[in-house]
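Undergrad: Using the sequences plus the hints, can you model the full thing?
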Amino acid sequence: MESKINHFMIGFAISSILRRGVKSFFTLFIFTSLIFLLSSILFISNSIKAELGFTLKSLPEITIQKLQAGRHTNIGINRIDKLLEFHGVVSAIPRTWGYYYFEKAGVNFSVVGIDSFDKQYKNSFESFVEDVDFDELSKNSSMIVGVGVKKALNDNYYKDYFNFVKPDGELQKVTIASTFKSSTSLESNDIILMPRDMVLDIFGMNENEATDIVLSVANPEEIPTIIEKIRNLYPDTRVITQNDLRVSYQNIFDYKSGMFLALFIISAFTFFMIVYDKASGLSSEEKKEIGILKAIGWKIDDILKEKFYEAFIISFLAFLSAIILALFFVYTLEAPLIKDIFIGYSRLKPTFDLPFVFDFQTVFLLFFLTIPLYLAAIIIPSWRVASMDADEVMR
Amino acid sequence: MLLTPEVIAILILDTIFLLFACFAFYISIPIALKWDINSTSAFQYGLEKKAILVATIIKYIFVLKLPLFLFFIFTSDKISGVITGAMCAAGVVNSVDFGLSLFIFKILNLYIFGFWLFLHTEDMKDEKLKFTKLKFTIFIVAFLLLITEIFYEISFFTSLDVDKIVSCCGTLFSAASTSTISFIFDISNPVIVTAFYITFALYLITFFLKKESLFLASNILFFIVSVLSLILFFGTYIYELPTHHCPFCFLQKDYYYVGYALYITLFIGTFIGISGSILSILKPEFSQNYYRTSLIFNILYTLIVSVYPVVFYIRNGVWL
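Line by line, the protein sequences are chains A and B. Following the working numbering, the numbering of the first sequence begins with 190 at its first residue and continues without gaps. Following the working numbering, the numbering of the second sequence begins with 13 at its first residue and continues without gaps.
Everything labelled a hint here was simulated from the structure, so no lab data went into it. Incorrect hints may appear among the rest.
[Stated by the list, open to error] Mimicking SDA-like on lysine to any residue, the simulated pairs with C-alpha atoms at most 20 Å apart in a straight line are:
id, chain 1, residue 1, chain 2, residue 2
1, A, K340, A, D529
2, B, K90, A, L514
3, B, K265, B, I85
4, B, K77, A, T551
5, B, K90, A, V296
6, B, K222, B, L294
7, B, K77, A, L564
8, A, K528, A, L514
9, A, K488, B, K61
10, A, K488, B, D138
[What the hints assert, rightly or not] Residues from chain A that face chain B, not an exhaustive set, calculated with beta carbons under 8 Å:
id, residue
11, S446
12, L493
13, W572
Where a beta carbon is used, it is the ideal one built from N, C-alpha and C, also for glycine.
TA: See below:
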């Protein structure tokens with residue numbers, strides 16, 4: 190149906206781009222950097238989303254928190270027996286954890302208590318408990334720390350141990366048994382693992398209290414019913430499911446990349462103006478060229494086609510090189526500077542590897558966001574140029 | 013309001029389309045009214061130049077609309093993960109009242125804009141440009157449809173509500189539902205299958221008769237019956253589930269994206285058949301190649317769609 194691609198015309202377009210070397214290079218450069226920035230942001234957000242999704246799978250189906258005056262407080266362990274009576278609930282485990290603020294480094298550690306006798310709720314912890322003799326940990330009052338924690342402590346000369354300050358002002362000395370590395374570093378970087386009774390001690394918590402309770406449910410179809418029952422039994426609780434977390438992660442990251450995209454629109458619009466302007470303002474040289482082409486028999490359509498080839502070559506080249514650059518920047522250089530937008534400025538968080546995620550949907554998205562914009566900017570100027578009369582231009 | 017990067021991309025492109033289409037519409041009114049190829053006035057000369065600009069703009073819109081339509085479905089599929097109750101694009105599209113109309117407009121516009129380009133190519137080959145007036149009259153109608161579609165789409169994305177519970181495709185496409193399309197479930201399986209193959213046979217007969225008007229009619233009929241039979245019968249074999257009638261779920265990864273292959277072959281087959289026949293009627297010396305292209309794609313579609321029930325029967329020894 191469409192006329193075939195004209196190779197001579199493509200050749201002409203390429204040589205025309207090269208003839209205006211500096212001008213074309215300038216456009217190419219700006220367009221490449223624009224697409225590069227945008228694609229880096231989208232790649233990073235995809236990676237973090239993938240990593241969180243991966244973490245999410247290892248989380249329990251239902252998490253129950255107690256609310257008091259609208260705030261999260263500790264939940265009584267005695268509720269577990271009631272919860273276990275619900276049909277479909279496989280296990281209910283109290284979790285004891287919290288944040289410990291380490292002032293010197295200005296970071297929060299996530300302190301997690303583990304109980305070797307309880308069934309462990311996380312696969313990574315489970316394999317870890319098997320690795321190291323857990324009884325040794327509580328006997329020597331020692332802990333296992335994440336890589337990031339280890340580094341923060343080292344920087345402050347806590348090589349072998351750390352002094353936790355208890356609520357009553359006393360010091361609790363805990364030795365570092367080993368470092369802990371999970372298959373996903375995002376979750377384990379700031380974690381400190383230690384026996385549950387020590388965590389209770391450090392946070393000044395009651396023996397029969399826990400931070401929250403996690404339930405595992407055999408049949409995911411039963412989750413809504415179980416949630417309903419929990420809400421009826423304990424109206425003061427907040428029940429969070431895996432799906433709730435997934436949706437909120439998705440929303441947060443869509444929101445963040447959406448925010449960035451809103452900024453992108455402004456710069457893209459500026460770029461649009463630049464291209465439009467560049468394409469409309471022709472030097473007398475170029476006008477003469479159009480005149481000669483028309484004089485030797487080119488139709489308006491032919492000139493438009495040639496202009497389109499030119500624009501497509503430039504924009505596609507910019508698109509390809511920007512994506513390759515962004516892939517290199519994000520996955521080899523670990524996206525310095527830009528990564529902070531997504532993970533915040535906490536000093537303990539930044540050191541983790543972005544997993545390689547590459548989906549075609551993102552590439553299509555980038556394509557739709559960039560190339561049509563460039564082509565749109567040149568349509569009207571090109572037509573204006575192409576429809577000039579030969580005799581008028583050559584005069 | 014849901015502002016994911018995908019939605020923003022679609023909205024940006026919609027804005028560009030809207031601006032360009034309005035501009036083209038403004039230019040095409042004098043062309044449609046006052047085009048006179050025999051005139052030698054400067055006005056006519058200007059119109060001829062402007063006609064090329066409008067054609068370029070429409071080409072631009074259509075070439076982008078085609079992949080954008082697939083991207084739209086893809087996006088709706090993705091959003092379905094966030095909206096409560098939705099499991100695929102069907103739930104998302106139906107979360108607003110005009111979802112179905114948006115979809116029909118999208119498909120209709122694809123056909124019309126595609127046909128416009130077809131007509132345009134033929135027009136440019138003709139030294140008397142005899143279709144130009146017709147072409148621009150069609151565009152004025154197509155413009156109104158396009159504007160409606162764009163406004164539907166913008167209000168679709170702005171009225172998406174994350175907290176609203178929508179129906180999943182399993183309930184939308186079932187006999188028990190009260191949705192606008194549920195009446196088609198009164199047709200029983202044997203009837204629709206026979207209807208599908210009879211239409212296909214009719215299509216083949218008109219192919220050999222080489223009569224444009226009949227071929228045109230059989231293509232339109234084939235398209236409608238194909239979509240209906242896909243929802244009512246063939247879909248259930250793709251899912252291997254007698255109760256699942258959704259025309260969107262097989263666009264997802266779990267079914268190896270087979271839906272894209274189905275819809276693309278069906279679209280190309282019927283589109284070339286329909287627009288080729290219309291062009292032939294308008295211009296008797298038009299090349300007859302479109303018969304073959306249309307035939308190839310429609311046969312391809314029929315083959316893919318027929319393979320599913322046959323394979324199911326061979327494997328399990330029973331029909332669903």
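Undergrad: Taking the earlier hints as the rules, which of them does this structure contradict?
TA: 2 and 5
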